[in-house]
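Student: Got chain R sorted already, so can you dock chains W, X and Z onto it with the hints?
Same order as they appear, the protein sequences are chains R, W, X and Z.
Residue numbers for the first sequence follow the UniProt record's numbering, beginning at 1 and rising by one.
Residue numbers for the second sequence follow the UniProt record's numbering, beginning at 1 and rising by one.
Residue numbers for the third sequence follow the UniProt record's numbering, beginning at 1 and rising by one.
Residue numbers for the fourth sequence follow the UniProt record's numbering, beginning at 1 and rising by one.
Just so you know, not all the hints are guaranteed correct.
Any copy will do: because identical chains look the same in the list, a pair fits if it lies in one copy or spans two.
Simulated crosslink set (BS3-like; lysine-lysine; CA at most 25 angstroms straight-line) [as the list claims (entries may be wrong)]: (1) Lys375 / Lys222; (2) Lys394 / Lys466; (3) Lys222 / Lys431; (4) Lys498 / Lys366; (5) Lys394 / Lys222; (6) Lys500 / Lys306; (7) Lys257 / Lys205; (8) Lys257 / Lys306.
None of these hints come from the bench; they were simulated from the model.
In this text the structure is predicted, and so the values were computed from the model without any measurement.
Number of protein chains: 4
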Amino acid sequence: MTPPNAATGYGKLTLSHQMPPAHPFDDDKLKEECGVFGVVGVSNAANFVALGLHALQHRGQEAGGIVTHHPETGFHQARRMGLVRDNFTSAEMIERLPGPIGIGHVRYSTAGNKDQRTEIRDVQPFFGEFSMGGAAIAHNGNITNALSLRRELVERGSIFQSSSDSECIIHLMARSMGQHIPDRMEEALRKVEGAFSVVAMTRTKLIGCRDPLGVRPLVLGKVGDGWVLSSETCALDIIGAEFIREIEAGEMVVITKDGVESHFPFRPAKSRFCIFEHVYFSRPDSQLGGRSVYETREDIGRELAKEAPVEADLVCPVPDSGTPAAIGYSLQSGIPFAMGIVRNNYMGRTFIEPTEQIRNMGVLLKLNVNKALIKGKRVILVDDSVVRGTTSRKIKEMVLDAGAAEVHFRIASPPTAWPCFYGVDTPEREKLLAATMTAEEMRVHLGVDSLKFISLDGLYRAVGEKNGRDSASPAYCDACFSGEYPIPPSDMIKQGFKAKSTVK
Amino acid sequence: MTPPNAATGYGKLTLSHQMPPAHPFDDDKLKEECGVFGVVGVSNAANFVALGLHALQHRGQEAGGIVTHHPETGFHQARRMGLVRDNFTSAEMIERLPGPIGIGHVRYSTAGNKDQRTEIRDVQPFFGEFSMGGAAIAHNGNITNALSLRRELVERGSIFQSSSDSECIIHLMARSMGQHIPDRMEEALRKVEGAFSVVAMTRTKLIGCRDPLGVRPLVLGKVGDGWVLSSETCALDIIGAEFIREIEAGEMVVITKDGVESHFPFRPAKSRFCIFEHVYFSRPDSQLGGRSVYETREDIGRELAKEAPVEADLVCPVPDSGTPAAIGYSLQSGIPFAMGIVRNNYMGRTFIEPTEQIRNMGVLLKLNVNKALIKGKRVILVDDSVVRGTTSRKIKEMVLDAGAAEVHFRIASPPTAWPCFYGVDTPEREKLLAATMTAEEMRVHLGVDSLKFISLDGLYRAVGEKNGRDSASPAYCDACFSGEYPIPPSDMIKQGFKAKSTVK
Amino acid sequence: MTPPNAATGYGKLTLSHQMPPAHPFDDDKLKEECGVFGVVGVSNAANFVALGLHALQHRGQEAGGIVTHHPETGFHQARRMGLVRDNFTSAEMIERLPGPIGIGHVRYSTAGNKDQRTEIRDVQPFFGEFSMGGAAIAHNGNITNALSLRRELVERGSIFQSSSDSECIIHLMARSMGQHIPDRMEEALRKVEGAFSVVAMTRTKLIGCRDPLGVRPLVLGKVGDGWVLSSETCALDIIGAEFIREIEAGEMVVITKDGVESHFPFRPAKSRFCIFEHVYFSRPDSQLGGRSVYETREDIGRELAKEAPVEADLVCPVPDSGTPAAIGYSLQSGIPFAMGIVRNNYMGRTFIEPTEQIRNMGVLLKLNVNKALIKGKRVILVDDSVVRGTTSRKIKEMVLDAGAAEVHFRIASPPTAWPCFYGVDTPEREKLLAATMTAEEMRVHLGVDSLKFISLDGLYRAVGEKNGRDSASPAYCDACFSGEYPIPPSDMIKQGFKAKSTVK
Amino acid sequence: MTPPNAATGYGKLTLSHQMPPAHPFDDDKLKEECGVFGVVGVSNAANFVALGLHALQHRGQEAGGIVTHHPETGFHQARRMGLVRDNFTSAEMIERLPGPIGIGHVRYSTAGNKDQRTEIRDVQPFFGEFSMGGAAIAHNGNITNALSLRRELVERGSIFQSSSDSECIIHLMARSMGQHIPDRMEEALRKVEGAFSVVAMTRTKLIGCRDPLGVRPLVLGKVGDGWVLSSETCALDIIGAEFIREIEAGEMVVITKDGVESHFPFRPAKSRFCIFEHVYFSRPDSQLGGRSVYETREDIGRELAKEAPVEADLVCPVPDSGTPAAIGYSLQSGIPFAMGIVRNNYMGRTFIEPTEQIRNMGVLLKLNVNKALIKGKRVILVDDSVVRGTTSRKIKEMVLDAGAAEVHFRIASPPTAWPCFYGVDTPEREKLLAATMTAEEMRVHLGVDSLKFISLDGLYRAVGEKNGRDSASPAYCDACFSGEYPIPPSDMIKQGFKAKSTVK
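Chain R extracted, bound-state conformation (with noise of 0.2 angstroms):
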């Protein structure tokens, strides 16, 4: 989304620092836009909060930030650009991190648009001193009034030092007249629009909170005395926390090392958690509604090979979000599956600063076909999603190449036709390839044999909903197949555009 004082006549700072590389290749993907973890009542909380933002990265790539709080010392902050093995791993950085408890925050990475990467200032968690005593937020989500907010705040005086809609969160706290935090952090959510899952600290609490609809998740966990908020499970193995429950849609938990206090701020309202989560943002090995994403994933395939069964050799996923589905596809199908495309294991994000021959052989750098294997074959391809469908056509080429006799691309969504204006990076809607083109366009453009994506109601079924998706109260936010958005974003309205339907 764009950065809120982009679009005002304010003064725009451009901060100067080392730029992380840019990720060329996942550039077709919709992404997670953050991962947030948070622990109270442990002896070291940063070692805890470390790990857990490790098992996190894949929701957050670009950046990623500690706050710790220590009885004796206070509060503690640090905020990289980078992995988070590279940047807080290490014994000095760890000690630097005193305290029982802390939260922390990874970062996504957009791809390529020069004016939007992450600036070190908007990395979070922010922290912010009241009268009171300091508070600090970690935000997943994203806030669709915060340019009125803004601009509001700043009319009052408030100086925002990020051009992220999150700093509006500790504005607001900050102007609020309660007495505790907590209070602070409910009245300023109740203010803000959108989609959250926010995890915050003061001295001595561990605060997490869902939006009304729970569009993005958050879970809560136990940790020896101690206990855990994270947007994931797999966040919990790593640490070795007990999965305890998930965060209710609407619910704020305030949690002390004495126990967990649940609340329901805002006015209540039917869930609409995020259905993209199960195709590709989560981990494979996380738990969502009681199973794991992964046989959720599979699933997903089975669903596809009975919706769109094609006479074939070989089941190939595209590696490696599109394993899951491809085994599905391959059990349910009896075709057997095989790894016809291999991942290169030290690509790492990419290259850095290559040249520009190295650039243009693409996809080449990070990928391989198993030449040997897929000659002559009919291969199906399964993929999880198609956005611009640049890699698709890349894939396609070097299948061919490599001598398939044909190639079937399976996609184990539905077509992404409408942007995401809750936590997830996603392309402007003219750039979406099933924005501009019918099934069979796509097919011609990708040129491939052929194309199927598996429906809305079969990924609802896949997903548990037996009677698929229930178009009068749909179980789950689906925006960017429906074009039907659960919460108005007013601000991107504001700025001219026309969601298919909004729902107040």
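Tutor: Chains W, X and Z alone, transformed into the frame defined by chain R:
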């Protein structure tokens, strides 16, 4: 000075970052805390600001920052730990800071005290986005009522991002009702007490202001069609700018490419410029009051020779700051001047993380006595000041070890017995040698044959006050020598500091 | 293998340099020590070499080097610790390595043993200046008489710059009376015993050579008008080169832009290619013996399923190297394949300098078990090999902690009971689990319900020897399984090593 | 001097590495190429070597290296680009260099010429492993028959790792039949022509040697029970060592913890110490010939005042090297000494990669004229030498721009008209101002009111030869002034250089 939030119950935030090396040797000097520079109306302001800050590097070595504005791309900013030459001279950096207007700041190095280290969030210039546009400010000096201002601002919902007293100014500006930024700055500065020379910028205006007493320096220059503000004239020389005049005490100038407007927003007061700028802070090739600082220092040496003559074979400066006074002493006394102590030019600031053994060798790393020259001689050592006395003792030992027959210390300033609260990094009062010892006790402590300081009257004469110090209305701020504070250090007084006298 | 000079009384030189991170997890694999690549007749050789080395990165991650030659500017060289993508992909680096001919080398990562760390002086290619011009060589393999050669050369006045056995070759070449560099290389290699695939270059010639038994791989490719030599075919794919053929055992090729000359400088011998290249070292998308390594590994899995069936619910690979064999096992047995263990893609090699607490969490940082999937299931875990057994134990614990009902290990290679002296980094014999335990002891030690290795005959069948292993004249080097060494490891024998048998 | 391989048809190897900054300002000085230091019999030699090299940093700023030996762990070595204080002072580095014996080397900085940049492989000490153990050597000077030696050695099979002439010594030692390393070193040095002060070490012995004419300096000191060798006495002072004596011309000392053995392996010859060490190279606080270099330089200034008096208001040194001579000139002439040109202490070596605009401002970055002091004055500028004259012109312009009424240059050395081939970095002859212009032409070229050099006789008098230069048998090497070369520069003569005269 203690950062404001240390004295309050506020949450304290400690940032982790790469620590710059401490500066063991200069530990024993008072240190100017900042230098400021600004330019408007040139083709690439950042180039000029980088050069200007390089020339002002002696006023602050720990960190530096530059903000520029370009009509098309808005504000640009870079703030870095370390020296100007290491951070702000590459073509890549200058390209990131485009535009015809810019300001910059170099920041002091505190010595040793781990809790007072500069953090990147404390590096100026500070930037604020107001409803009518952005502004950046750089501040040399110290706000003596920063604690009360900060407490009030926080209670009203301002969020401070730094521990710096200077940040109050930008928050006061944000809350002002003024229609234009210069109006807001006037309003803000009227609420501020203390010593300040401020350089600020909007999208088109360069603004300079000195506090009513003009404690810290600020000069105006002209380069081609552009205008320059700088802490000292040496930074005009480096860019080939013409020195126009000093900004007056209590004056605010608003400069566009069309010219300089002058305002006097404060109640008129008699100027009290910092006399220590003449003794040590300013560079010898800068001009103050119409003559070079070098000549003034030579005259201090002459006065000292008149006040405190002694029979000896050689007059040797403690390099480099004692050199001009030693030359003056030699010229007045007729005793030959000699470089008896040699400085290692490759010392830079200090050894980075030296081993215990290397650390124990102390001052020898930076200086060496010219043994063959000194042996058997009666030596007069001329230094600019004695603060803790630790360096003086080591130098005396080196000179005696080299075989000197007698060692006579002559100090180009009166005993430093009081801390400065106007933008100079001073040890606590009890660590100042002259605060706890008589002159004879100091001589015994240092173990020298004689020790003489110039008198306060002698110093005034050397800086051009022919009748010495007018104790009813001194022409300079000399609080560090006299304990008479021309601006009440109100935050410190609340914390229990007792000045000899204060003036309001 | 112990570097030659450690075993002698020679002066030992230890270089201090920035240490790369160790690789705790992969500690428990045999490791290929090197990959080599060369190209001639292209416009900018360095670009191709960089890409080729990137594709060969799995053969050596600790360091890499490139040498090129340009007719006008002579030889150019860069050698670096770390990954190819971090060192050799920037435009700046490629510009420093101009010319139409170049060779490169990636070097292994030794684990943990501080005394065996790679030093920059040991990074290949090695360069020597002879009277008729310079030459550079890159070597994959190990010279088994390096100690005696080195001692002799030193006694005659050669000065070794590295601790590498490969440096002997260049010194032997320097002392040769041969008129041309290829002649000198032939002469040098005839004095050398052991396993070697060498890529070398002069100003105009690219030279490749395999030892008489052809233990290590080397292939020839064509790209445009240019020629390529590479350890594996996957590096031909990345640059779009055509795979021409494998260099034969005992063959030397001398390549100019005009074509390829073939020589056979050694006494003819029956080829004994390393069978472990099929099991683990080579990339699955490389071709060996006319088919993809992936297919061979799938067949190993099928053989394993025939030899060692078991009733179970899921077949899970230990990622990533166990995947093809697990797929084969699943296809053969009909038990569903599932990704029960998930790899963290952001792990890179390891946490850099992790804290004690993080380190103690061990393998969890890199892998996570899919709890919801595994719970209550009987699981077959397929891994490529068991070396020390440390990783296998941890994985078994993770799987049991996740609630698996039974755990059955199936290993896609026979028990690894003997060290390799032909260019593979193996632990000392006593640290190999299979050298000290029977199969049942290993099962108990690992704590699993069953543990089965493929038989040596089964492995031979899977790699294409229909009748299994011909014990009179095996088609492969399988010393690590059989203890039968086709080349006597003479330096090691002098140091007391006892092979089961050796062949000369 | 051109590195040997540039002039031959040999393959040329260019290493890519991080380039250190060039040194634009000092471009216009002759530059000592090296400093050497060694110590034996102390608890941790590396500490002492690091300090010694720091004190010798003025003799070479581009790179440095240390080798130590520990009885248990063997030889240890670290070589780095950059300053000693940045590379060799951390506890971590010192720990990597254990043992009671060590040697070190600092290496010159060549200016501008991209092809002559120091590469890490050229950084000394050089190490060689012989059959009886290892040895390391560090060399100050230049071998005048290096090309022929190198060609011969390469033809016999030696492989050179560097482009340095000094590497010949270690190869000659490797090929010697001598039983002990000191014997081999004697044999090697007898084959070498040129100027050399060598410090070397074996496992237990520290060895020092000066060439027969003793062109470059080397002194012996004692620290506790240990012994020290150093290029200059200032490096004894920094570690608290006692200065024992200079090593004599043609002397070799072999030092163990038990004492110093002295040998004279060469044919006796009259000493010809480099007179420029007195003028510029050595530090003013070092002792040469029984007195401080500072005093000698003051005497040079006095001689200059006698030979070339002029009426003026101020005597100003060109900092820092002109200062002692300027003081001497002032004392002799009675004209007041003043620091009219001020040096920026934060310059370090230079701006790293400065922008075009910054680069064009040239010398101003490093120096500033004290305008207010200079204005309207007749100024005598005292500098140590004129090489290309480029700096002198800039300084003259600065002084005139500042309003000086007259500018008189007085140079503390005769015109530099001939290149040095004995270990000093000199421009080619045609770039030396004095090689192509008469004194008056130089005055006009520099644009000053007068320009006077000290006479060669005057210089000899100042360094203690009361009767001036004995032209039949001069006491010093003064080839750079006289063109009379005491050692034939045979490699250069073969390349066409014509000396005025050479002595054999």
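Student: Now tell me if each hint is right for this structure.
Tutor: Outcome of the hint check:
no.: 1; hint: Lys375 / Lys222; result: between (51 angstroms within a copy, 20 angstroms between copies)
no.: 2; hint: Lys394 / Lys466; result: neither (36 angstroms within a copy, 39 angstroms between copies)
no.: 3; hint: Lys222 / Lys431; result: neither (43 angstroms within a copy, 39 angstroms between copies)
no.: 4; hint: Lys498 / Lys366; result: neither (37 angstroms within a copy, 44 angstroms between copies)
no.: 5; hint: Lys394 / Lys222; result: between (45 angstroms within a copy, 23 angstroms between copies)
no.: 6; hint: Lys500 / Lys306; result: neither (29 angstroms within a copy, 57 angstroms between copies)
no.: 7; hint: Lys257 / Lys205; result: within (8 angstroms within a copy, 54 angstroms between copies)
no.: 8; hint: Lys257 / Lys306; result: neither (50 angstroms within a copy, 55 angstroms between copies)
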